Amino acid sequence: MMERARELTDGYSTAGAPALEGTGALLRFALRRERVRLVVWVAVGAGLVAAQATASQALYDSPEDLVAYRASVGSNAATIAFGGPPVGLDTVAGTVAFEISAFLLLVAALMALFTTGRLSRGDEEAGRTEQLRATRVGRHAPLLAAVLTAGLACAALVPAVGAAAAATGLPATGSFLLGASAGAVGLVFTGIAAVAAQVTGSTRATYGVVGAVFGVAFALRAVGDVEGTALVWASPLGWAQATHPWSDDRWAPLLLCLGAAAVLLALAVVLLDRRDLGAGLVAPRPGPAAASRALLSPLGLAFRLQRAALLGWTVGLVLLGGVYGALAGSVETLFADNPEARAFLPDAGSLVDAWFATTLATTALLAAGHAVSSVLRARGEEAAGRAEPVLATATGRAAWLGGHGTVALLGSAALLIASGAAAGAVRAAAGGAAEDVGRLLVAALAYLPAVWAVAGLAVALSGLLPRAAATLAWTAVTYVVAATLFASAMDWPAWADDLSPLGWTPTVPAEEWTLRPLAVLTAVAAGLVALGFGAFRRRDLATG
Amino acid sequence: MDTAISIAGLVKTFGATPALDGLDLEVRTGEVHGFLGPNGAGKSTTIRVLLGLLRADAGVVRLFGGDPWADAVALHRRLAYVPGDVTLWPGITGGEAIDLLGRLQGGLDPARRAELLERFALDPRKRARTYSKGNRQKVALVAALASDAELYVLDEPTSGLDPLMEALFQDQVRRLRAQGRTVLLSSHILAEAEALCDRVSIIRHGRTVQSGSLAELRHLTRTTMTVETARPATGLAELPGVHDLRVDDGRVRFDVDSDALDAVVRRLGGFGVRALTSAPPTLEELFLRHYGEDLAADAAEDGPVRTSEAVR
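In order, the protein sequence lines correspond to chains A and B.
Just so you know, the first sequence maps onto residues 1 to 544 in the numbering used here.
Just so you know, the second sequence maps onto residues 1 to 312 in the numbering used here.
It is worth saying that the hints were derived from the structure and are not from the lab.
Predicted model, so just to flag it, every value in this text is computed and none were measured.
All C-beta atoms, glycine included, are put in the ideal place defined by N, C-alpha and C.
A hint or two may mislead.
Claimed, not checked - Label pairs and their in silico Cβ distance ranges:
1. A:SER297 - B:THR13: 54 to 60 Å
2. A:GLY527 - B:GLU118: 49 to 55 Å
3. B:GLY22 - A:THR135: 43 to 49 Å
4. B:ALA58 - A:THR471: 31 to 37 Å
5. B:THR13 - A:GLY527: 48 to 54 Å
6. B:GLU118 - A:ALA234: 54 to 60 Å
7. A:THR471 - B:ASP67: 32 to 38 Å
8. A:ARG467 - B:SER213: 41 to 47 Å
9. B:GLY107 - A:PRO288: 14 to 20 Å
10. B:ASP67 - A:LEU499: 41 to 47 Å
11. B:GLN170 - A:ARG538: 36 to 42 Å
As the list claims (entries may be wrong) - Just some of the chain B residues that point at chain A, by a computed CB distance under 10 Å:
12. VAL73
13. VAL86
14. GLY106
15. GLY134
16. ALA140
17. SER147
Taking the hints into account, I'd like the entire structure generated from these sequences.
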């Protein structure tokens, strides 16, 4: 046997093997498949910046306005934690960078993640890569085409964001630098997604890993910025924001992003060579030969399917809550150094409470995101044809949808409780009072009816408009996020804020609990859920 | 109750495209009923209506005398189902999926489960992500066959199985029939139906075109034979039931009606047969032969579109 093997390899060289063969064709094909999505992503990025630039120039049109802005928003730990380093706030352009860059970077990272993940691991999971690789397509070509597609989209952010910002009248250099910082972060996350797609065995797991990396990068940057430490340099988001568009206009930090992206891509290729097609880096272990009792019900199945995601969200939100709790002390310090800032908040004694109210609202946004993705999991099961065998058993439609609905509603409640308790526990350990744990846990629950209302909308849409449900539900989530974050800063009319259930929610613990709006929201959520169940029981199963 | 399934005048349209266009089907209790039709004829759509997964637009559908849409859960306790395209949860093992589907249907016989796993040579500890199409199908088959049901609805259950597994599957269906269970077996392979079914219904373009026992349909089936003989085979064309005879290069090719086979084989024996292949009639050929005129007519009146396209 060995003899024969030696004979075969003798004089056969693998050097110069065309591993890249077909990359060009695959790239053109990928761009064709993704063209609508990519245009939307880039347009959203450019649109965010244009909207913020227009609004800021209208809002802060005098030097006094900017002084007031620096003293209030620019000195608030909450906004620094979200926005980034408060630099260049003596110009309107600087406030634009401060307010929008974090969102722009998030858009770039998500675009890179979904594009790379779908085109690499997603295609492989669906079996499409196997079919392609059986043709004259090299081993590295599918991954490279995916990375190039995402990379081109990241590159497109530079002119798109730059032109959008410059068109509103902001200086051109900073405009294009902001675009470049977003593109550079996108490239880093393209690389991270490419590596994750090799390590994990499924698209879902790839998204989870990259999402977790983004969360860690965000937390490192937030803590670094609030406490003014070098920790920001541990995060690619910190590198991008160290460019200080429209103030220092530094380009050099972007080299860190480019270098990291190159290293990550090289790593992904090395890992790709070390694994089998269709498999992750870790060989799947055999699982149980029989089901445990916990699995044997619609609810058990729904929980099992969503277990990993729920665990990931819980870890993320507990860490986030902990970071918020830890930063609460810095809030006091910041304001002690900056007495005039107190004038912009109604009650100096509740600075920490105001901080927690703001941060809990953002936790609620994330919990709403989880709730919607959890509800839509039912729709995903239905579309993939996996609802059919279950509904062909003695399982009713209400029981099946109820399983996923229960996981969504109880899961989001658990997320809020865990995050609030974590914030309270860390706060209590770092200078707060012991009762902060219970206080913040209860405060977090004030946001639950609003989260449930958003989840209820997703249930209603899944029942009424199954094929459009995902798009519409995520549009609604985007609206709620925008309303919560921008409604007051951009002077939205009152009705626009009231369209969002978080607009009705008292900002506990800064405000008192008021039961009426919470009862109304709960009733709305219940009504929407009932509507969705009713519609689901009356319609055809919609596969595909 | 001597009728397990009765469907009359079933209509189902997806948007503007009709998938089922007045379909009739009657399955008697205790029989193995073949539900035949080419791809896209409406077999799976009919089964989905029968399971209450799709709602009928018109017509009457009765399952055990009940309404499958209104009483889905109660009726499902009495049946087991194997989908045509088995999709499983990627992270869940085959064994877990079998237990889950079995429990939700009303319970599995653990001894039967173990026996079937062994016979089908299925490793229940693998996650569904790593199963081939045939193994996914085996998971659904084991879950269905290990459960105690009155009716087994099997939608093209052998499309991913190898011939050995197919034979095993046929044993299992015969076993169900011996126990007096009812089986609705959809297929686009006539030979499979011939091997297993008491009666068959043939559908095309969402309508039932033939229904009856296989003996009643025998006139529809025609075997294609290719024969090489020592002496020139003459006089075959004059035999009743022989069609489309061609001679090339010492070989004779012809189609022969099933009830004329015996006479033809006797006649061939006299010429010194050197090689003989016979191909069983395929459903497609049967359709071409017997409903070719319909095809032309359908095309002219812009008839129903294939359901698989309509659904997607």
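Hint-by-hint comparison with the structure:
1. Between A:SER297 and B:THR13 the beta carbon distance is about 35 Å. The supplied range of 54 to 60 Å is therefore violated.
2. Checked against the hint of 49 to 55 Å, the pair A:GLY527 and B:GLU118 passes, with Cβ atoms roughly 52 Å apart.
3. Distance hint for B:GLY22 and A:THR135: a CB-CB separation of about 45 Å, consistent with the stated range 43 to 49 Å.
4. Our hint of 31 to 37 Å for B:ALA58 and A:THR471 holds, since their Cβ atoms are close to 32 Å apart.
5. The hint said 48 to 54 Å for the Cβ distance between B:THR13 and A:GLY527, and at roughly 32 Å that hint is violated.
6. The supplied range of 54 to 60 Å is met by B:GLU118 and A:ALA234, whose beta-carbon atoms lie about 55 Å from each other.
7. For A:THR471 and B:ASP67, the Cβ-Cβ distance of about 35 Å falls inside the hinted range of 32 to 38 Å, so the restraint holds.
8. The supplied range of 41 to 47 Å is met by A:ARG467 and B:SER213, whose beta-carbon atoms lie about 43 Å from each other.
9. Separation of B:GLY107 from A:PRO288 is about 19 Å and conforms to the stated range, judged on CB atoms against 14 to 20 Å.
10. Between B:ASP67 and A:LEU499 the beta carbons are some 42 Å apart, a value that agrees with the proposed interval 41 to 47 Å.
11. Remark: the range hint 36 to 42 Å for B:GLN170 to A:ARG538 is upheld by a beta-carbon distance near 40 Å.
12. The closest approach between the C-beta of B:VAL73 and any C-beta of chain A is roughly 5 Å, which is under the 10 Å cut-off, so the hint is satisfied.
13. The beta carbon of B:VAL86 is positioned within 10 Å of a beta carbon in chain A (closest approach about 7 Å), and the interface hint is therefore held.
14. Given the 10 Å rule on beta carbons, the hint for B:GLY106 holds: about 6 Å separates it from the nearest Cβ of chain A.
15. Proximity of B:GLY134 to chain A is violated relative to the hint, the smallest CB-CB distance being about 15 Å (cut-off 10 Å).
16. Below 10 Å, beta-carbon pairs count as interface contacts, and B:ALA140 has one with chain A at about 7 Å; its hint therefore holds.
17. The criterion of a C-beta within 10 Å of any C-beta in chain A is met by B:SER147, whose closest approach is roughly 9 Å, and the hint holds.
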